[in-house]
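Line by line, the protein sequences give chains R and Y.
By numbering that gives the first Met the number 0, the letter at position 166 of the first sequence is numbered 165, and the numbering carries on one by one without gaps.
By numbering that gives the first Met the number 0, the letter at position 155 of the second sequence is numbered 154, and the numbering carries on one by one without gaps.
Because the hints were derived from the structure by calculation, they are not lab data.
Fair warning: there could be bad hints in the mix.
To be verified - For the chain R half of the interface with chain Y, some residues (derived, Cβ under 10 Å), not all of them:
id: 1; residue: Pro40
id: 2; residue: His41
id: 3; residue: Met125
id: 4; residue: Val127
id: 5; residue: Ile131
id: 6; residue: Arg135
id: 7; residue: Leu137
id: 8; residue: Thr139
id: 9; residue: Thr162
Ideal Cβ positions, reconstructed from N, Cα and C, are used throughout, including at glycine.
Residue-level listing of the chains:
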Amino acid sequence: MVASSYGDRPKLLELLKEPVSEFQDFFLLAGRAYRNLLRRPHYWDDVFLQMDSIGVGSLVIVTLTGFFSGAVMALQMARALQTYGQVGRTGMLVSISLVRELGPVLSALMVAARNASGMASELGSMKVTEQIDAMRALGTDPVQKLVTPRLIATASMLPLLTTIADFVGMFGGWLIARFYLGIGSVQYWNSVWKILVWNDVLQGLLKPFIFANMIALVGCYYGLRTTGGTQGVGRSTTQAVVASGIMIFVLDLMLTQCFVYSAS
Amino acid sequence: MADLPVILRFDRVTVSFDGVAALEAVSFEAREGESRVIMGAAGSGKTVLLKTALGLVKPDSGKVFAFGKDLTGMREKELFEIRSRMGMLFQESALFDSLTIEENVAYPLLNQKAVHCPKREVHARVEQALEFVELAGTLAKFPSELSGGMRRRAAIARAVVTEPPLVLYDSPTAGLDPITAYTIMALLIKERDVSHTTTLMVTYRYQDGNLMAHFRYNSKQGGLEPAHNGAVQAPETVFMVLHEGRLIFEGSQDRLEASADPYVRKFVKPRN
Chain R
0 MVASSYGDRP KLLELLKEPV SEFQDFFLLA GRAYRNLLRR PHYWDDVFLQ
50 MDSIGVGSLV IVTLTGFFSG AVMALQMARA LQTYGQVGRT GMLVSISLVR
100 ELGPVLSALM VAARNASGMA SELGSMKVTE QIDAMRALGT DPVQKLVTPR
150 LIATASMLPL LTTIADFVGM FGGWLIARFY LGIGSVQYWN SVWKILVWND
200 VLQGLLKPFI FANMIALVGC YYGLRTTGGT QGVGRSTTQA VVASGIMIFV
250 LDLMLTQCFV YSAS
Chain Y
0 MADLPVILRF DRVTVSFDGV AALEAVSFEA REGESRVIMG AAGSGKTVLL
50 KTALGLVKPD SGKVFAFGKD LTGMREKELF EIRSRMGMLF QESALFDSLT
100 IEENVAYPLL NQKAVHCPKR EVHARVEQAL EFVELAGTLA KFPSELSGGM
150 RRRAAIARAV VTEPPLVLYD SPTAGLDPIT AYTIMALLIK ERDVSHTTTL
200 MVTYRYQDGN LMAHFRYNSK QGGLEPAHNG AVQAPETVFM VLHEGRLIFE
250 GSQDRLEASA DPYVRKFVKP RN
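This is chain R alone, in the form it adopts within the complex:
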């Protein structure tokens, strides 16, 4: 919407007020969550509980996603490489695409779908049943108790999950390469290994770390601003999944651009 005349300015300001206020609230929450990393008390029990829930709980879906994306990549890439008579290089493409892009992005999407929604609904339910208020009334900072442990747990678990997804994906690619395309195991694993450089590994670990921070903060943010009873909890959950999903792609583009720029 464009302000067509001077009189439209207040309307435009009204329209902008809410998103700007949300943006500000999000960054205030993020600031408080990061500040609490250095402040006592640290709720390590909650951190380990969340690590178990996010890390171990997401292992199966992330492994399956990695496996099938690796296998599909091998099939698709082999078809494309066949044109140039380079089917033997399938491992290279599987490896690069998994480590740089598919591993981080697909793992993050899975974790976002499972955990950003979980965080939003859990914190949202606590909000509408006044448990967040009770926590404050009983001497606990809800950000310190609820947000910071989820942030630490997601930020430490997602890079690990992504690493596992990458390896399982390469394994899926190997199954296709070995038994469907007839590529030798040594040739496949050599090409997988040799194409990777430190920049790829860094990219493959830094991306999930940044995605994880965003997923935890978005999930908690939508949970803590829930209003309107159970309907509101549902709305917050949907918003958290949609927002974190979109943000993963936006951040991925920005980070990839940074890595491409730094490599060149």
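Add chain Y to chain R, keeping to what the hints say.
The following block gives chain Y in isolation, referenced to the frame of chain R:
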């Protein structure tokens, strides 16, 4: 009562959400040992008043003083010390779903820095608080395993386990059957009379206010008895009525019953 110290003071407090006033220039003083019954229709600002008293909601204007300290300018960390001297029963009980009843009741003892309860004493104090509300056998249960009335009683135990001098109750009998509601009210009066706490109770049931004003806890018999049948009187009970965020009535039950205001009269029922 006038010479007793003021525990809670609202000075022209206004709170609004999205431009709509939830409280409008509300002023009152609650003195030590006093009971206040706050009545009003849904959306009249009763819960907001209690949350403002706890410092959970910041006023747009005016000042809130608790135990002589101005809460309005305080940061969250500073408010924790003041809140440790207040107990609060939330409308929906607000017990933590993921914790057992024992962990819920122990929560303020373990997390309120100002309480100073040694860890070895926590279990005994939790048991004591749960015995007070007659829920001694529920330590290992989760809130979802209890009935609505039992959850409310467990929440009362959590609110009073630190023995705070000021206790705030938000609709303690809402949604409960008459027998359970009476049990809850008996517990509130017991807490008031045994621990001599200052009490603010939000309710829309006139009979709750009536019980609060005219009954006292008899520790020998272990039940309620009319307060005016001997030398011992019930602590002074002040009624307040809120209408659309404004405090339109403050005074004794006799004055409340004599009020000609049609809104106030809606809450008054004949005494039993």
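Results of checking the hints against the structure:
Taking 10 Å as the C-beta cut-off, the interface hint given for Pro40(R) holds, the closest approach to chain Y being about 8 Å. Here the hint on His41(R) is broken, as its CB sits about 13 Å from the closest CB of chain Y, past 10 Å. Taken as an interface hint, Met125(R) checks out: its beta carbon lies about 8 Å from the nearest beta carbon of chain Y, inside 10 Å. Restraint check, Val127(R) versus chain Y: the minimum CB separation of about 9 Å is within 10 Å; hint holds.
With its C-beta approaching chain Y no nearer than about 9 Å, Ile131(R) sits inside the 10 Å limit, and its interface hint holds. For Arg135(R), the suggested interface contact is upheld, since its CB lies about 6 Å from the closest CB of chain Y, less than 10 Å. Taken as an interface hint, Leu137(R) checks out: its beta carbon lies about 5 Å from the nearest beta carbon of chain Y, inside 10 Å. Using the Cβ-Cβ criterion of 10 Å, the hint placing Thr139(R) at the interface with chain Y is satisfied: the shortest such distance is roughly 5 Å.
Evaluation of the Thr162(R) hint against chain Y yields a violated restraint, the C-beta minimum of about 30 Å exceeding 10 Å.
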